[in-house]
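Required output: the full structure, derived from the provided sequences and hints.
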Amino acid sequence: MMNSQLGIIFMMLLIPLNTFAEKYEVKGKVTDNNKEPLVGATVVISGTTEGSVVGFDGSYIIKGLEPGEYTFTVSYIGCKQEQHTIKLTNNEEISFTLDEDDLLMGEIVVTAGGIKNTISSARATERMAPMVVNVVSGAAIELSPDLNVADVMQRISGVSLEQSNAGVGSYAIVRGMPKRYSYTLVNGVKIPSPDNKNRYVPLDMFPSELMDRIEVTKALTPDMEGDAVGGAMNLVMKNAPDNFMFKVNASVGMSTLFSKDGIPFRSYSQNNTDYNSPHSKHPAGYSASINDFTNNNHGQTQSYNPVDYNLGLSVGDRFFNNKLGLVIAGNVQSLHRGSETDFFTLGAYNIEDNTVAVQTMQEREYSSYLFRGGFHNKLDYQFNHNHSISLYNAYIYEREDQVRENNRILFTNYDFESKTGEVVHRTRNRTTEQSIYNSTLQGNHQLTARWKMDWSGVYSMAQRIRPDQLDFRRRITHLGGNILAYDIDRYEYLPTRQWEDNSDRDLSFYINTQIDLSSQFNIKIGGMYRDKERENNFVQYNFKPDTEFYESAITRKDRDWRYDEITWELGNPRGSSSNPLNYDASEKISSAYTQFKWDIDKKIELVGGVRAEHTIQGYELRNLGDFSTLDPIGEQEYTDFLPSFHAKYIVNNKTNIRTSYFRSVIRPGFFEIVPYNIGSAYSDSEFDERGNPDLKRTLANNIDLRFEFFPSPQDNLFIGAFYKDINDPIEEGIVVDGNSTYLQPGNYGNATNYGLEFDMTKFFRQFGVKANYTFTESSITTDKVIYEREDVNDNSSDIVAREVEQTRPLQGQSRHIGNISLLYRNPDRGLEFQLANVFTGKRIAQITAYYEKDYWQESMWQLDFSAEKTFDFGLVVFLKARNLLDTERVWYINQGITETQVDYESQGNVGDNLVVRNDRYGRNFLIGLKYKF
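Residue numbers for the sequence shown follow the numbering used here, so the first one is 44 and each next one is one higher.
Read the hints as simulated data drawn from the structure, not as lab findings.
Errors might be hidden in some of the hints.
[Claimed, not checked] No more than 27 angstroms apart at the CA atoms, straight line, and that leaves these computed lysine-lysine pairs for DSS-like:
hint : residue 1 : residue 2
1    : Lys324    : Lys587
2    : Lys70     : Lys123
3    : Lys290    : Lys70
4    : Lys72     : Lys697
5    : Lys324    : Lys240
Quick caveat: nothing in here was measured; it's all calculated off a predicted structure.
The structure is reproduced here in structure tokens:
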């Protein structure tokens, strides 16, 4: 016992005496000259990494300090740095008031080098920018319920999303303008799209946690590329920090759609998939055999409650006396998404009352496994205060394995009352891989006191691969609601397997030079050259069973036929390699601009100039074969002059009034100008689809007016209006050519788009409200089809299709969209909450051929929630919950439901609008941990 006590005493003597010394804390507030809190400011003990970030109410606290002398350095973007030295002998309360540094702020706006990812820095960027812009900070993104950039975008004023079949928002609709009217930048340079048909980039590919901030510019200046009408979305990736930074996070979750009370999650193995079709592996003209195909990759499995996960890591620091900066960040997401869908197709047209019958009802179940990965790094080297260089690399990847099970009921072959008739069951297994690689070398140079220059050299590659897509159909006979028999015949509903791949390669070079003729006037001159090449490949094979399969449900034991248990014959050994969708395309754009900026009496700021863009766009078809009548080569060449003028009146240091005008150009996509022809059986619509080599570009004149008020560094109030006059907009319209009716992109007249925007953020101590609302009105007139008697006075004459004009809104434009988020932040307790609502008003979801029979999407509310708890040692526990209301997406046509149709799934009462689609997505939850150092 004595030895034990002596041991304890000995160990205690080894403990340093200062362990028991009393520890103190320093706390206080950091505000500006108006006593508004500077949220996100830093209070650091000079010479150390010890410090605190100013919280929501402007307070900071540094704990665990020993007695002694300390120098505190206080920094905030756009303000002059402050220092204060004290001799600490007790707990202290020290508050700081920082003066605004207008010179620094102006430099920040020009270089974009010093802006941090705080909410206050986002407001500062909006206030100082020469154009109309909205900014979402990295801090706001981190707290939001969103995992990808697309979901973040829908919380910006004037922005809504277009959703996929799996309920994943991919494309942004800015100010009611369809997705083709906006473009995406990464760190200020344009990136190509992996989409096989269009230019616009699927934003859901980008993990949100890789972002430092997101900027949406709604009025272009001459130094910006001129192909945006809605807006330009700049994804600013994480930059090298001033001090060592380390963040890691991990979370798990699931979707309620695939619970035991929902639908099963279906999947299939792609391990044995051959990514190269028989055609691509052999010389031209090769005739494939059934031995060139495997069935091992098309067997399905089912599960419930599959687990999602999200992993992220970012690290950065500066070296060699802060000359060299490095940041590395990565994110991996494994998600299970899908929908339970009722879908109706339109059939016979009634000429008496201009109505269409419902032809089929389809019960669809989508299961999508999404694997996303994003990695980027940036090296920057500061030679001195005048010269710097940086190298940025990013790789973004997404793979979607989707199973679609579809029961198609043709109403003429099925009696709903007795539940007897034929059902066509259709399985589609589809893997889509998309990737974007970007490498950008940039330099910034202050050549003289009044002359500076920056340049960028960019290589980008976007790819999309869809290997061995299976479409497999079979007939199922019902009798009294029970399955009577299964049937796979040799002549109808034959399966297909197809391979698609495309790539876009961009080589771009930007150069900008600015000369300050005085402290109030400068001229900027620059240009850009881009060489884009696209390669597109498409091949499809048709199959039929070697013998007809028919089996009763009794002997089949209620087990559906699987594709891999049938012996198949190949119907077209050479595939469809001569299809016009096998093409090479190119686009060369050269541009130059001149821009001035004039500050008048520190109250009026003018920015204006003109941009010229020269375009050469063309294609060459490969291996035409049966399509030899087509012209294998097409080209368009044109030059556009795009003037721009912006005026900002600075009422005071908190209030701006802006007005602007700019002209922009929207070029057709490569896919649209290639003379392809896709049959209705393989398109997403009910009609054949054709390309249009004569498609013209769109030109638009855009006017903006906005009032801005910044009552505090983190608060804002924006009230704005916009008007757009659009010449030759590109729309998909119906063409009736003799006995042929098909969809084709075309220039169907002119359109207008105008609206009002309201955006505000207000904090009340720990509570905050962020809200925005946008009213948009657009109009376009296009040709539609209406059926009537050839001789309207003779009821026995033939029924013919005629083209008539219909005026309607632009596709995807909602008259009303809005967001409201309720925020709570308590830095003392490390708590943050956000309840976010998104409202999207009704809009045209899909254009159809028939007059007044477009598919409309009903208004939608989406409610999301997120929460974080931060502990003193850097650990954060967080929760993200999406679609808490389990909101459904409903499409309808403006036509009343009949008494017969009331009994169909998803329909309402007699006289209600006829539902043509109803998607149910379920709720999604993630819970996880983050560690920040």
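- Hints the structure violates: just list their numbers, smallest first. none
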